[in-house]
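Chain residues, written in single-letter form:
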Amino acid sequence: MKNIDNRKYIIALIFILIPLIFVIRLFFMQVVDDKWKERAAQISENKVITYPARGIVYDRNKIKLISNEVYYDIRVIPNQMSEDMDSFAFAKLIDISIEDYERQMNKARDYSYRKSSEMVKQIPPDEFADIAPELYKYPGFYEVERTLRIYPNPIAAHVLGYMSEVDSTNIKADPYYKSGDLIGKSGIEKSYEKVLRGKKGVKYYLQDAIGVETDRYENGKYDTLAEQGSSITLTIDAELQKYGERLMQNKRGSVVVLEPSSGEILTMISSPTYDPNLLVGRRLGQNYGELMKDTTLPLQNRSANSTYPPGSTFKLLMALIALQEGVITEEASFPCTKSLVGCHNHPTARGVSDGVKMSCNPYFYYLTRKIIQQGKHKSHFVDAAEGLDIWAKYLKSFGLGVDLKTDFPAIRYGFVPNTNFYDNEFPSKSNPYGKYGWAYSTIYSNSIGQGEVLVSPLEMANIAAIMANRGHFYYPHFIKEIEGQDIPDIYTIKQKTMVEPENFEPVIDGMWRVVHEPGGTARRARVDSLNICGKTGTAENFKIINGKREQLVDHSIFIAFAPKDDPKIAVSVYIENSGFGGTWAAPIASLLIEKYLTGAIADTNKENRILEADLMPIKVVPKKK
Amino acid sequence: MRGKEDKILADIDWALVGLYLLLVIMGISNIYSSVYDPMKPDLFDLSTEHGKQIMWVGIALFLGVIVMIIDGSLIRKLSFWVYGVLMLLLVAVLFTEPINGARSWFGWGSFGVQPSELAKLGACLALSAHLSNIPITKNKLAPSISISYLVQLVSSNWKTIAILGIPCVLVLLQPDAGTFIVFTSFILVLYREGYAGNILLFLLVAVIIAVITLIVADSSFIFLKIKMSGKFGIVLALLIMGLVFYLLIRQFVLKRNRPPLYRAMIGSLIVSILFVNFVEWGYSTFLDDHQKERIDLLLGKIEDPDGKGYNINRAKAAIGSGGFAGKGYQQATLANASQKHVPMQSTDFIFCTWSEERGFLGSAFLVILYSILLIKIVSVAERQRSRYTRIFAYCVAGIFFYHFMINVGMGIGLAPVIGIPLPLFSYGGSSVLTFSLLLFILIKLDSERKVVLQ
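Note that the protein sequences, when read in sequence, are chains A and B.
The working numbering puts the first sequence at residues 1 to 625.
The working numbering puts the second sequence at residues 1001 to 1454.
Don't take each hint at face value.
[Said to hold, decoys possible] Here are a few chain A residues that sit away from chain B, every Cβ distance over 12 Å (derived from the structure): (1) R7; (2) P19; (3) K137; (4) S164; (5) K293; (6) Q324; (7) N418; (8) R523; (9) T604.
[Stated by the list, open to error] To give an idea of the chain A side of the interface with chain B (calculated C-beta under 8 Å), a few residues: (10) I4; (11) I18; (12) V23; (13) Q30; (14) D33; (15) R39; (16) A40; (17) I43; (18) N46; (19) E481.
[To be verified] Chain B side only, calculated, beta carbon under 10 Å to chain A, not exhaustive: (20) Y1191; (21) G1194; (22) I1226; (23) K1227; (24) G1230; (25) K1316; (26) S1321; (27) G1322; (28) G1323; (29) Q1339; (30) S1379; (31) F1401.
Hints are computed from structural coordinates only; laboratory data are not their basis.
In this text, all values refer to a predicted model and were calculated from it rather than measured experimentally.
Beta carbons are placed, not taken as given, at the ideal position from N, Cα and C, and that holds for glycine.
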């Protein structure tokens, strides 16, 4: 009996032990382990991101280049849809195929019947105006506003760039971005992404079991407001840009206009161009694909991402280096012997100014030989190697083939060959000439801007600015003002070349005569009273067509600045496959200068000739038999 | 006569009454918070669960007064009658329209009664009445492992088995596995009354073997380069254990004492192996898929916090996020009516709202309060001269304990999800009535402890 009576203690022990285990377990769950608190937050709180409007982009005269506009996403909550909905009519209304509609619906249903999913996104307001009055007929579908970019002036597409959804690398690089966010993919949108994007806002909600928001978390204590991105002002002159794009229509090539006194980029054109509004919203993918397919490469930014041979414009630099090196005087004369390099018929050049004016090829062949082969060594191979490095150093001081710090993504800089290149990589990496295996006779084409040297149109415009400034430049840049921020100091620091100002005078004199004197190569660029100084160039170029290397019609090149004294503008113009530099590039440059300096065009014939010209077809030069 | 009335009132255990009222009031305040609807802020609104709960508590208190007035001996006399009527109700409920797949409700409009809740009361009364009439000496049966013993055990206790077996079968027919499990709480009573001395130890071993079986049964392992099923592994382990015992017995036990030990060993080995197979067979045959899932979730065999494990995951998150001091009254973000992350937050998962809002302080307080109530009932039981009252008290303790253990254990992941209410806390008229009456009858019987001899 006693034994059995003791069983009450066992029972009492159980009634104490189990609750004790529960209390210990509760202590761990509620006090020690944070896992469940995190889990609870994950379940019950919903973080809703509010997107800021992006910063506005203005031109130098505060004309809006990029602004924002409300677009519309259409979303769907599957279980609110009506049973007898006409899917075909709805797909037609929102302008998608029935297959796309079904695909999106399946995705939405897979995700949740009660939560909303995206049906179509980024419908432009004009299209939404047609959809809005019909939308009420389709319960379960509703619109969500979202701001996207709009380009009130459809110009400067390559400069401004475009935006698209972030990819995995963007997300990895910056945790600010979440899948589906938009990011600047090119141009200014990309280089000033962090300024323009603003700050996302966050709202914390409590959500119920099916994800519907029920209340603000802690009455919005932790919420933040979205802040619009800072607006920025570009150095671009919208008027000039627009005018330049008009001149460049039906031409392939590039125009870069700088303000020499500041390095500000007034205009950057790559032609053919496109309407930047094409690459916004839901049409982006399709339009981008079509632009990609276009054989005239409208998406390519020829001004910043292409390099060309500089052609005869390069002679300016040869003359400057020769004068600075003291290997010639400004009266130096060389005979126009056409045996080595071809030339056109002109009188003998008596002095640097003449040489520039007439763009005499043999003159610069001999002149450059004096730079490269300075006769300091007995072996002309050793001599050439030393000379070439001096030459390359000068060219780099002119900003060729070096980083110009331009605030623009993916800029391609030119190429200045040096001894290392000829020793190890020329004519091919596998079979180079080797050290002291070459001399001026191998590389002389560079003297007239052919050969291995390559420049970008932006660099050439900078050369024009250096000529205007007589020996210095400022890094070319797009940024003029950032709301609430200073622009980087590097754009206000004077960059000096290795050539003294006085050595520029004979060369600039030649450039003036190119435009103004009979026998100059760019008479078409003349505008009375503007004192335009320029230099033509004509670059041979080749293309593999049907497996054969064909010579195409030359690129027409012109760089210029004006007025001669107190220059206000520097220009480089490249017109691909259009022929002699003076024919097309020079008049286009002069029209831009005239427009910028006077605000009007006096010679409408000149303007009409350019506007009417169609230089798009790529022509092959017939081979001489 | 008057003197007797005073005596009974004086002998009422007011501490037990106090515990009851405390739990009921805490329960109502918690239900009010867990189902709070800003459109119906009135505490007594009968269209809300807290309003109904107050009504049921009112009815329970009214019945409690009646219980206090009537004579304790009447309760004893009526025990089998109450049991019989409730069993008839359990049969009758099987002919109703099923609600959520089970025939367990008699409904009138928005009110409903679950006879299976009240059946517990009936079983308590009948079991107390039956066991208290059996002389204790009759229970003295030397346990041994033989068929004749089993036959004897069943034949001498067939009434006990029937009293408990009938409601078990009837609730399983509904089906209501939760209530069935609660009926196994009477094992505690039988234990206290001297039946099967090692039954608790036996149960503990059985639970351990069952858990191991369920964990490893459907997995396989490589032993001696042969791929074997988990079940075979258990059997193998049992055989090895048997061999070890055999060697130990041979080594340390006198030869004449060996045969009964060998018999016990071989018997328990056979029983264990049969049990392993039974568990596996029962698991795969008797249990529904969702019941298997609940067991698998508890054992950690599957993890699916947003699918199959949704309920338990949300319940744990609600409790765990309460922290030390809780989120505050009506501040739950998971276990409340507007968020609804935790399902059935006013009934089966009522502990979640309480723990989320009151934190560890509150949840530990509630757990300790139940522990105090249980110990209190044990002490009440042990001071009885009447066996009837003592048995009844242990019945009440067992039922309260089971409900508490499973309901709280399920919320904190120590018990499988079995939908049974937390006594006096969960919303539910039948359950409040049943638990109230259990306590009131106990208080009444206890108040007569000095006037009743047997």
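Each hint tested on the structure:
no. : hint  : result
1   : R7    : 5 Å, violated
2   : P19   : 4 Å, violated
3   : K137  : 32 Å, holds
4   : S164  : 33 Å, holds
5   : K293  : 45 Å, holds
6   : Q324  : 75 Å, holds
7   : N418  : 64 Å, holds
8   : R523  : 79 Å, holds
9   : T604  : 73 Å, holds
10  : I4    : 4 Å, holds
11  : I18   : 6 Å, holds
12  : V23   : 5 Å, holds
13  : Q30   : 4 Å, holds
14  : D33   : 7 Å, holds
15  : R39   : 4 Å, holds
16  : A40   : 3 Å, holds
17  : I43   : 5 Å, holds
18  : N46   : 11 Å, violated
19  : E481  : 47 Å, violated
20  : Y1191 : 6 Å, holds
21  : G1194 : 4 Å, holds
22  : I1226 : 40 Å, violated
23  : K1227 : 37 Å, violated
24  : G1230 : 28 Å, violated
25  : K1316 : 6 Å, holds
26  : S1321 : 3 Å, holds
27  : G1322 : 5 Å, holds
28  : G1323 : 6 Å, holds
29  : Q1339 : 5 Å, holds
30  : S1379 : 8 Å, holds
31  : F1401 : 6 Å, holds
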